[in-house]
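Enquirer: Whenever a hint applies, use it, and build me the whole structure from the sequences.
Count along the sequence shown from 1, then add 13; that gives the number in my numbering.
Don't take every hint at face value.
[Claimed, not checked] With a cut-off of at most 30 Å between alpha-carbon atoms, the simulated DSSO-like pairs for lysine-lysine come out as follows:
#, residue 1, residue 2
1, Lys450, Lys427
2, Lys511, Lys450
3, Lys424, Lys450
[Unchecked claim] Using C-beta positions, here's what the derived DEER-type ranges look like:
#, residue 1, residue 2, range
4, Arg106, Ala368, 19 to 27 Å
5, Thr434, Asn477, 43 to 51 Å
6, Asp369, Val466, 45 to 53 Å
Simulated from the structure, these hints should not be mistaken for lab results. We put the beta carbon where it would ideally sit given N, CA and C, even for glycine.
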Amino acid sequence: MRPARLAAIAIALALGLATLTDAAPACRDVPAPGAFTCKQQQSWGKCKETWMIQGGWCAATCGRCGGAIAPPSSPSPYPTPTPVPPQLTGNVREYGKVLGLSYLFYYAQRSGKLSSAPYNPISWRKDSHLIDRVPGGFYDAGDHLKLNFPLGTSLSFLAWGALEFGAAHASLGQTAANLATVRWGADYLMACHISDNQYIAQIGDPGPDHSYWGRPEEQTGPRPAYVWDATKPASDAAGSAASALASASLLLRASDPEYAAACLDHARRLFKFASKYEGKYSASLPGPTYVYPSYNFEDDLAYAAAWLYRATGEAAYLTAARGYLKRWQPNPYVSWDSVGMPAHLLLLSMGAPPADGINHQQQFDTFLAAWQKGGSGIRFSPRGLAVPPLGNWGNNRHSANAAFLMTVHAKYTKDAATRATCLAWADKQLAYMLGLKGSDRSYVVGYGKNPPVQCHHRGASCPNRPAPCNYNDAFAVPTPNPQVLYGALVGGPGPDDKYVDKRSDYQANEVATDYNAGFTGALAGLVQLLPAAATSG
14 MRPARLAAIA
24 IALALGLATL
34 TDAAPACRDV
44 PAPGAFTCKQ
54 QQSWGKCKET
64 WMIQGGWCAA
74 TCGRCGGAIA
84 PPSSPSPYPT
94 PTPVPPQLTG
104 NVREYGKVLG
114 LSYLFYYAQR
124 SGKLSSAPYN
134 PISWRKDSHL
144 IDRVPGGFYD
154 AGDHLKLNFP
164 LGTSLSFLAW
174 GALEFGAAHA
184 SLGQTAANLA
194 TVRWGADYLM
204 ACHISDNQYI
214 AQIGDPGPDH
224 SYWGRPEEQT
234 GPRPAYVWDA
244 TKPASDAAGS
254 AASALASASL
264 LLRASDPEYA
274 AACLDHARRL
284 FKFASKYEGK
294 YSASLPGPTY
304 VYPSYNFEDD
314 LAYAAAWLYR
324 ATGEAAYLTA
334 ARGYLKRWQP
344 NPYVSWDSVG
354 MPAHLLLLSM
364 GAPPADGINH
374 QQQFDTFLAA
384 WQKGGSGIRF
394 SPRGLAVPPL
404 GNWGNNRHSA
414 NAAFLMTVHA
424 KYTKDAATRA
434 TCLAWADKQL
444 AYMLGLKGSD
454 RSYVVGYGKN
464 PPVQCHHRGA
474 SCPNRPAPCN
484 YNDAFAVPTP
494 NPQVLYGALV
504 GGPGPDDKYV
514 DKRSDYQANE
524 VATDYNAGFT
534 GALAGLVQLL
544 PAAATSG
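Expert: Laid out in C-alpha cells, this is it:
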C-alpha cells in the first residue's frame, strides 16, 4: 500500500487541486507541471519509448520533475489526472474535473476480461463473469446484472455527448476514455446480436443476483442469457441497441471506419428486427425484466430511426422516425424508458422541417417549458433541484438528462435568449449535484464537499483482498465503502432535498450506467459552451 501522503497527492492531482513542490532530480522528456505534450491518440496508440498511455494521453514515466508525477507501471487505485485548462474558472472548472471522474465510473462497471484491456485504472476490479454466454459489457448498477435496454440509451448518450462536445473532451484529455467506453459497450451489444432476428437483451436473473452481496469476480452460479426473437419481440430493447450502435458508428467513423461500418450494419439489422416484430421486451418475457419494465416501444424505434437517419442520411429513416413519434404518447421525461424528446431534438438539430403532422420545434418547446417553468408534474425542491413525478428514484439522473438535452439544444438554437436560458438551467442543476450552489453537499462519489461514502454498490463495499466480502462484512456495516467509486452519481435527494448517505437506501444511493450518461454529456456541454456564452454575453 502506498504511503498516505502519496495517496493524498495522487487524489489531489486527479481533482486538479494540488501540485508537488518537492525537489526532484532532473530527467529527460518530462513535460511541464500537469502538462501532456504529445498529441492525443485516436485510441490506444504508441508513445515515445519512455512514455506510456494514461487516460488516452502520452505521459512521462521516468519519474517526477518540476511537479509532474510519472504514471505507475501498474493500475492505480487513484483517478487519472484530468488536465483542466487554466482558462476554465468557477463552476466550469469543476465540471471539467468531474468529467474525467465520470468516465472512471464506467471503467469500474466493466464486466469481462479486464486483464486484456489496454487500460484498467480501477485496481480493485479484475476479470469477472468470463463464462457468461456473452462476456463483457457493463454491470447495470450496484448489482451484477447486464441489462441491455437501459445500456443502449446510456451508450447513445455518451456517444452523443462526445459528438456534440468533442472540443471539451479533447481539451480535458477525455476523448480516449469516451471512445474506449463506447467501444467496450458496442463490442458487447454486437456480440449479443446473435442472428438477424435473435437478440440477447439481458444476462442474469434479478432474484439470485440481488441475493448475492460480494465481488463480481467471486460470484458463482447460473447466469441465464435471455433471448428475444420473432416470437418474443423486443422493439424497445433492440431499438435501444440500434440507437447505441448507430451513434457509435458516427463517433468511431474517423478513427476506425471498418469498425464503424460493423456498428452501422448491426444497427440497421437490429432496427429491422425491432420494427418488423413489434412488442415490448418486458411483455414478451415479464419474469426476468421486472427491474426495467418498458412503458412503450414507439419512442425507442423513433430514437433509433433518428440516429440511423443521422448516420446514413437516408430519408426512409426520417420517415420512420416521424411515423413512430406520431404513435408515441408525448411526455417531457428523459430516461432509459423515455427517449421521444431526444428523438425530437436529434431531428431538430439536423434541421428536419415540420412534416407529416410533426413539428419538432413545437414538441421540444413543451419539453423546455415543463423543465424550466414546472409542468407535467415537474416541480422544484426548496433548494432548486428539478424533480419529475417518477417515484423519487434517481432524481439526480432525471434532471441531469434534461440538462444534457438543454446543452445540446443550446449548441444549435439560433435564439440567444433560449441559449442563455438553457445553459443557465443546466448550470444550476449540475451545480446542485456537485454541491457548488444550492445543495450543501456533493452527490458525486469521490468529489467535492461531503460526498457520498456509502453508495449502494457491491464491489465498492468490499474490503481489499483477501478479506472476505459478504452481506455481514460489507453491506451491513455502518462504515464508508473501502473502495471509492470515483465519479459515480448517486440517485440523490427527494423533492424536499432530504438525503441520507446509507448503503441500504438504494433509492437514494444506488448508482447506475444510465445515471451518469446524460450527466457526462451535460458536463462536457457546459465546459464547451458556458465560457463562450459568457464572452458573447
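Enquirer: Against this structure, judge whether each hint is valid.
Expert: Now for the hints, and whether the structure bears them out:
no., hint, result
1, Lys450 / Lys427, "29 Å, holds"
2, Lys511 / Lys450, "16 Å, holds"
3, Lys424 / Lys450, "24 Å, holds"
4, Arg106 / Ala368: 19 to 27 Å, "43 Å, violated"
5, Thr434 / Asn477: 43 to 51 Å, "48 Å, holds"
6, Asp369 / Val466: 45 to 53 Å, "52 Å, holds"
The structure fails hint 4 only (numbered hints given earlier).
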